[in-house]
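**Student:** Here are the chains, one letter per residue:
There are 2 protein chains.
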Amino acid sequence: MSGSFPMYGIKTNHRVCRKEESMNLILLSGGSGTRLWPLSNEVRSKQFIKLFKTKDGSRESMLQRVCRQISELGSDVAITVATSKAQVSAIHNQLGDRVSICAEPCRKDTFAAITLAAAFLHDVKKVPLHETVVFCPVDPYVESDYFKELRELHGLAEKGGANLSLLGIEPTYPSEKYGYIIPKDKKRVSTVLSFKEKPGAAQAKLYIGQGALWNAGVFAFQLGYILEKAGSLAAYTNYWDLYANYGALKENSFDYMIAEKEKHMQVMRFVGKWKDVGTWNTLTDTMDEEIVGNAVMDGMCKNVHIVNELDIPVLCMGLENAVISAGPDGILAADKERSSYMKPFIDQMKQQVMYAEKSWGTYHVLDVEQESLTIKVTLNAGEKMNYHSHGRRKEAWVVIAGSGKAVMDGIERHICAGDILVIRAGCRHMVAAETELKIIEVQIGKEISVRDKQKYPEEV
Amino acid sequence: MSGSFPMYGIKTNHRVCRKEESMNLILLSGGSGTRLWPLSNEVRSKQFIKLFKTKDGSRESMLQRVCRQISELGSDVAITVATSKAQVSAIHNQLGDRVSICAEPCRKDTFAAITLAAAFLHDVKKVPLHETVVFCPVDPYVESDYFKELRELHGLAEKGGANLSLLGIEPTYPSEKYGYIIPKDKKRVSTVLSFKEKPGAAQAKLYIGQGALWNAGVFAFQLGYILEKAGSLAAYTNYWDLYANYGALKENSFDYMIAEKEKHMQVMRFVGKWKDVGTWNTLTDTMDEEIVGNAVMDGMCKNVHIVNELDIPVLCMGLENAVISAGPDGILAADKERSSYMKPFIDQMKQQVMYAEKSWGTYHVLDVEQESLTIKVTLNAGEKMNYHSHGRRKEAWVVIAGSGKAVMDGIERHICAGDILVIRAGCRHMVAAETELKIIEVQIGKEISVRDKQKYPEEV
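Note that the protein sequences, when read in sequence, are chains A and B.
Residues in the first sequence are numbered consecutively from 1283, following our numbering.
Residues in the second sequence are numbered consecutively from 1283, following our numbering.
Calculated from the structure, these hints are not laboratory results.
Careful, some of the hints might be misleading.
Identical copies look the same in the list; a pair holds intra-copy or inter-copy alike.
Said to hold, decoys possible - Straight-line alpha carbon distances no greater than 25 Å define the calculated PhoX-like cross-link-like pairs of lysine-lysine that follow:
id, residue 1, residue 2
1, K1555, K1459
2, K1728, K1687
3, K1545, K1407
4, K1466, K1584
5, K1543, K1625
6, K1337, K1666
7, K1584, K1468
8, K1478, K1728
9, K1487, K1408
10, K1728, K1658
11, K1545, K1658
12, K1390, K1666
13, K1478, K1735
14, K1441, K1332
15, K1658, K1390
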């Protein structure tokens, strides 16, 4: 159970200093998520959309579902979410303080993200280099048996039989979007003969004929393994240094950079329910309900799913194999299979983000004019905005629900529904919610921009 | 050209007192229009939706198109629009003062509407009883040859060869929604043997076998004819009396009440382009463009039409024979043929009207909360609101574009973009637009209702 650990020149005896069953699990929360437009956008990835019914009848997101499933494994699993800066607010909002967050300063694909998260674990969370960690995508649709197997994979990787341990999925068709793992044998755990990331369909078919498995995107290894690999590719001293020089890291996937090249890998077959819900076609397959939100369909609809986040109703009649989704960013009406090819269409839209979930609540753009922007801001109870000012716009705030306090140029006042605040350009202001606070904010000015914001230290 | 006119006991020589070619044409603008939801609603019927491309590239509504076509016939056609109170603003807004409007105090089907319009023509517009008038639905999709034929029908009816003159359309299938006219012969103008309103499909098939024509909904007759008929069914003395007692009139269609019973009818065959655009299926058939509004479709879409009145984009992929329509009231995604059966679904929605066109401009509901309502009001240049107050709500007005003046409790002030007005409950107020004025209005109160409005005489 102990051994020579060549990386970083450290000798390890890795089970001595730790509680028997504890595990560091890193959830990779990535993706700008255009493939689930209009519900996903630059700041709101698919893992944050609340589509899954819970036992109490409310709905949870993929992220919340996965974290709930992991927590059901036991409280000794420490979750770190590796993500981008843009997602930090949404993660805090959905999970509170239950997880650590390692945020990339910019998007750099999975090799860099995993390296940064590894350095974060080591330098910030003080996880020893010899400790085995499990990286796992946040977006597979799975049951709790999956996370039990991750724990098993963790134990397996800890034994040191390979540098890198993978989870293999029985392929159902020669998909071009997965990595293919060729195992040595058909046993539950096998040495990996080779790994090929995203082959063409013909090649994938050949691999499947050779008994290949899909790579589930799960990687288990000792922390020092990746830090040493990364250290040989880019010079850095610790997490903070890596963070500061993150832009210089190579932008490529972990699969190409590491998995394809590693000689000592093992794979564990997972035979439970596993679905990659990256597209509407696959996502709707996992939904318990045909309709989420305000919608009606007639009896002639077959295999239709409607997800409506708008206040206005959707009526669907006589369609087959279709997905209808409406949100503040737009409306999709598509054949389910065709919807998988939406990316270029979304890219060409280049539209303003109309809705966002923040750590403090949400905002929703209600109206856009040449020289005005009307938004609805919902501030969760107990939350507050930064103290800030705008140089080139005036704002009118109309409190429509809840209560709290506002500070304007240092003067504090209590606010509640019906109050109207006029914030001239240059006025320092903030709001704090006592109860959930809803505000209609009308911004007026010749140059309205999210960049026109000056922050100040806390006033109160 | 003259003759004994039994109705009202009047002897007529009906071409003496009139300009040779002048004609009174009454457009029947009816319908709550749920079959074109979400673009039509209680206050916005299909004839007001701007879907048809004009020569200059802008778009016109069915109503505007029909009136333009009629005006191209010559300036001697006097148009009266027979409609409901709810449509008066929209008609003024789209047509200005070019037409007379006869508004029913409540909906009572076509018999009552035609009777009221006839009384309006006689008592308000002083049209003599012996004069021939032509009633015509506002919503057939036709070319200008249709209106030339209406003039011909008018001339034919004037000759007095029948009490009631109809326009017949060659049927294309045994529809259950039209009246069937059985002509005596196949000549262009024929005596009518019988008329049967909306038979079942089997009966319609039999009629078609007998050479029947569809009734186009056009009725030409001398004004006294219907007034005498109506007088025998309900006691009234003139237009104002009829208006005051309108609720007592029988609610039935002109077709059942009059056309089915009339023995002396003639029909003129119309062979030009004629389409009843009462459903999405038929309406999209007349559209020159596949897309109206902000929308994109992929190359796999076949026979798809998108009409989007919202600011957010619509993406449609891989659908066939479908119509997608989005407006402030909701979103439709439907097989074109199935969409004809939407009425019961719309009726069950019972939703707040989110958008309306008024004589002074438009309003658009942006947000609805328990105790607040946020709307965007656009007041056309030169227009103004009534002077009014609300007893149980406060309003915040934020001017986001344009300029004008506001009066609050008798005090006048100039307003422009950036101004914020707070109108407490009970405060008398009005706004007048110099240039097009856009206002975000936030209503706040425990009981927000359109009925909470007290009007006052003009203050300024």
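**Student:** All the hints need checking, so say for each whether the structure fits it.
**Tutor:** These are the hints, each one checked on the structure:
| no. | hint | verdict |
| --- | --- | --- |
| 1 | K1555 with K1459 | within (19 Å within a copy, 53 Å between copies) |
| 2 | K1728 with K1687 | between (29 Å within a copy, 22 Å between copies) |
| 3 | K1545 with K1407 | neither (30 Å within a copy, 96 Å between copies) |
| 4 | K1466 with K1584 | neither (44 Å within a copy, 49 Å between copies) |
| 5 | K1543 with K1625 | neither (30 Å within a copy, 63 Å between copies) |
| 6 | K1337 with K1666 | neither (31 Å within a copy, 54 Å between copies) |
| 7 | K1584 with K1468 | neither (40 Å within a copy, 47 Å between copies) |
| 8 | K1478 with K1728 | neither (54 Å within a copy, 64 Å between copies) |
| 9 | K1487 with K1408 | neither (44 Å within a copy, 85 Å between copies) |
| 10 | K1728 with K1658 | both (20 Å within a copy, 19 Å between copies) |
| 11 | K1545 with K1658 | neither (54 Å within a copy, 64 Å between copies) |
| 12 | K1390 with K1666 | neither (31 Å within a copy, 56 Å between copies) |
| 13 | K1478 with K1735 | neither (47 Å within a copy, 72 Å between copies) |
| 14 | K1441 with K1332 | neither (38 Å within a copy, 71 Å between copies) |
| 15 | K1658 with K1390 | neither (33 Å within a copy, 42 Å between copies) |
In the structure shown, a violation is registered for the earlier hints numbered 3, 4, 5, 6, 7, 8, 9, 11, 12, 13, 14 and 15, in ascending order.
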